[in-house]
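**Student:** Please arrange chains B and C on chain A, whose structure you already have, making use of the hints.
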Amino acid sequence: MTKTRTAVAAAALMLAAVPALAEWAPNRPVEFVVASGAGGGSDNFARTIQSALTRNDLFSAPIVVLNKGGGSGAEAFLYARQNAGDANKLIFGTNNVYLLPHVAKLAYSAEDLQPVAALALDEFLIWVKADAPYETALDLVEAAKAAPGTIPFGGSQSKDTDETLVALIEQTTGADFKYVPFNGGGEVAVQLAGGHVAANVNNPNENLGQWQAGAVRPLCVFSPQRMAESEPVSGDMGWHDIPTCKEQGLEIESYQMPRTIWLPAGTDPEVLAYYQDALRKVAETPEWQDYLAKTSQTGAVLVGEELASFIETNETGTVKVFEAEGWTAN
Amino acid sequence: MGNFDLLMHGFAIAITPMHLMLMVGGVLMGLVVGVLPGLGAPNGVSLLIPLTFALDPTSAIILLSSMYWGALFGGSTTSILFNIPGEPSSVATTFDGYPMARSGQSTRALTLAFMSAGIGALIGVVVITLLAGWASKFAMRFGAPEYFAVYFLAFAAFIGMGSAAPMKTLVSLTTGLLLASVGMDTVTGEIRLTFGLNELLSGISFLVVVIGLFGIGELLSTVQEGLRFRGVASKIDLRDVLKTMAELPRYWATTIRSGLVGIWMGITPGGPTAASFMSYGIARQASRKGEPFGTGRPEGIVAPETADHSAGSCAMLPMLALGVPSSATAAVMMGGLMIWGLTPGPMLFATKPDFVWGLIASMYVSNLIGVILVLATVPMFAALLRIPFTIIGPMIVVICFVGGYTVSNSSFDLWLVLVFGLVGYLFTKLNYPLAPLVLAMVLGHKAENAFHQSMILSDGSLAIFFSNTLVASIMAIGIALLVLPKTLQLGSRLRRRVPVE
Amino acid sequence: MTVRRFHAEIGTAIATGALGVAAIIGASELGYGWEGHGPQAGYFPFYVGLILIGASLWNLVGAVLRHREAMARVRAALEIEEPFLQREHLGRIGTFLAAMAGFVIGTVTLGVYVSSLAYIAWSAWRQGGYRLWVALAIGAGFSVVQYVIFEVIFRIPLLKGPIEPLLGIY
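Protein chains in written order, with the working numbering: chain A, 1 to 330; chain B, 331 to 831; chain C, 832 to 1001.
Hint data in this document are derived by calculation from the structure and do not stem from the laboratory. Keep in mind it's a predicted model, so treat the numbers as computed, not measured. Just so you know, even glycine gets a beta-carbon here, dropped at the ideal spot from N, CA and C. Errors might be hidden in some of the hints.
[What the hints assert, rightly or not] Derived contacts from chain B toward chain A, CB cut-off under 10 Å, selection only:
1) M470
2) E520
3) N528
4) A661
5) V662
6) S738
7) S740
8) K776
[What the hints assert, rightly or not] Looking from chain B toward chain C, a few residues come up when the C-beta cut is under 10 Å (computed):
9) V363
10) K498
11) L508
12) I546
13) V747
[What the hints assert, rightly or not] Computed spacing ranges between beta-carbons, pair by pair:
14) A107/A / L888/C: 33 to 39 Å
15) G885/C / L460/B: 47 to 53 Å
16) H240/A / E866/C: 41 to 47 Å
Excised from the complex, chain A in its bound form (with noise of 0.2 Å):
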């Protein structure tokens, strides 16, 4: 089957190359393939991105989102290396395009897909029950030290960003925590405001509710300077008001996680302008200044050079992680 699929894209590419001089633009419709499950966020993300085309007229073609989110999304990058060349397909993930490979045999490597954008940075948090005794991140650590393996620190899925920043705080602490993983971000953080783990490292949005709430609180954020003014959330804190953790003495100096977006490998370079084009002004859309509002994410709009070289220091510096950790599949 997608041996015939890929020869028929391969012919209707030809078709479109002919006249290629002019611009590239879809002649069919475009499959967002997403790499997590609905609902996720990955899939907020690609829908997003799907309504802002639509509504601002900045797409001629309809869109069609798939959710493939199987193994942690390996299955649509998977999806991608099956369909090489392929002009209809945009992918939408995080970090974990580059990053699976290193912890999983999996049948693709990150060469098999091509970058176009990352358009968001999504921060990272510690995050205690309200009525915890921690008040900074340091607390916290020395806690760990003093009773190693002791203190539960929950996350989604394992050797994901998650466990990845766990490791990474005990490797530059040398505290030793009891990681614990979940299905995804919403239950860790209802585990957490239940006092079933002490800790956890979610996104803001994952965790916003439960701070509104006052059932959990924000020690310290994982990025060089402290997050965009706010209205106050909880009490009188907003999101400017949370202190980064290396104001905190905790040396991490950032860890974010991009949101990326692919194309299958082997793709005209008049493929890869059009997206990037339709990308930077989804950037610009009140619906995507909207998106970022709410989920507390950073905007970013990372193409060409400026998205290889974050992605080179974001892989070599996660991989180092995982080597010390002993994850690394290969």
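**Tutor:** Here is chains B and C on its own, set in the frame of chain A:
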């Protein structure tokens, strides 16, 4: 303001011509996606989300939730008529619904299902109304060991008293557990049992298996008998519908029990699917006389349907109050909530009362609309069975395969549907029970995860499952359900022996 | 030819046992022990696989024993062993399965629309006794409705083959 005043305020918001129209439209669309096995409520809801951007959040959630109710109603229709569950949560309805329809009482089966579904939903909404504040606090007490205890309870309630050969039940159960463990394991992050096949990376979908086992398997059994549907030929009459409705009060005990099970599983996020299985199992254990379950017992339809819908409505509570979706559909709706700028969480009830209570009030109204609409369409659905088998049979085959394909857009799943169709046929012919396999696929991996998380928390000590009153009492009920039926059976056999001697 | 229940029982028991063996092989690659923090990834599949093998063996032995008993009775001319599938049934199921497998192969190569048109039309024509053009109309009607529901209304792309692009459908 008390909950009652808030509810009245909610009704004022929900009952406007515009909202009533949205409810009717939502329920109708839901019926369509529910009836087609290829489309489920999650598909329907995620497709509607882009349309809701133009609406205010209250209207939007009313539309989406109405669609959800419609899909739940519609899912039971194909379960009963064709033995193909349109939604995962209506699998348990096939056990007695299909035999009843096959014995010529399709109208009765459908009416029973829809009416108890409606009642179940109402029970659920009443509970939400009363317990809106308290339930979220209760759900918060559920950590990994408590989750495991709930899953254990669901297994125990269902398996405790099976009529099939124990070793065949065991084969069915373990097969389901193995199928469920294929793919990536959440807790260890390992890829398991894929044998290098990329297609297995995302696991074996429960829906694909169910479509094969029940849909194709049943068609094969039908074909063996001859190229026509067995028995289904009764004329459809409004009087049948009314007669069945009059018969409902007889099942009050089953209804209440199933409603409670549904509430429990809806609030502690076990989900509607688990609720329907558990409730069916309990109804089977509670029944003493009459035909065995699985032959078209009315209680076998009332129990899963009531529980399914009361759980479905109660599941809105943890979604709104905790941000924990207990079904795929709820997860999609939550995505919508965030896009509309609402944050699910304990504060939602305080900061957006119009939204929350408008939704709750709309649940009363739209479920009522759902029951009416779905009853009105009973004759239409039942008439489907009069189409000659040589035409509708292949159409069902196509719908089954398309349904299997759309689960994850993978052509590999087409082969899985075919294989599991054969498995379903063979298992039924050889008296292997299918239900344990399905239950194991739904809950197996979740139970394993919860168990594993508990072990991490307790450093490998099983004592964690009895470490507080809550978890210990759930475990105790589970063990009792597993052991008691057998002992009671033994006891009654001993007592009966006395006069003989 | 008839298939006896005995053959079906044996076949099923062997197949489920093989699944158990596969699970054990897969699990032993991952490690099935109990680490400090609980079970390893292969723990559950390994032991579940073992139980499955045990239960399958039980069923296998049970089937053989019942078969022997039945054969003894056949020899004593008391009754004949229960047939699982008679020739007539086998033929009907065989045709139905072959057509279904044909449909799947057709879907994978030609796309679901063409394949379901052909499959439904074939069944109505050959088995339902409808005239060919009526059968084709039924098949085509079904495919069109299917296309409208899935692709137009719900925007869910189904498998397509080499023919749809010629009609300008992607």
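**Student:** Confirm or reject each hint.
**Tutor:** The hints, checked one at a time:
no.	hint	verdict
1	M470	holds (4 Å)
2	E520	holds (8 Å)
3	N528	holds (5 Å)
4	A661	holds (3 Å)
5	V662	holds (5 Å)
6	S738	holds (7 Å)
7	S740	holds (9 Å)
8	K776	holds (9 Å)
9	V363	holds (8 Å)
10	K498	holds (6 Å)
11	L508	holds (5 Å)
12	I546	holds (8 Å)
13	V747	holds (8 Å)
14	A107/A / L888/C: 33 to 39 Å	holds (36 Å)
15	G885/C / L460/B: 47 to 53 Å	holds (49 Å)
16	H240/A / E866/C: 41 to 47 Å	holds (43 Å)
The structure meets every hint from the earlier list without exception.
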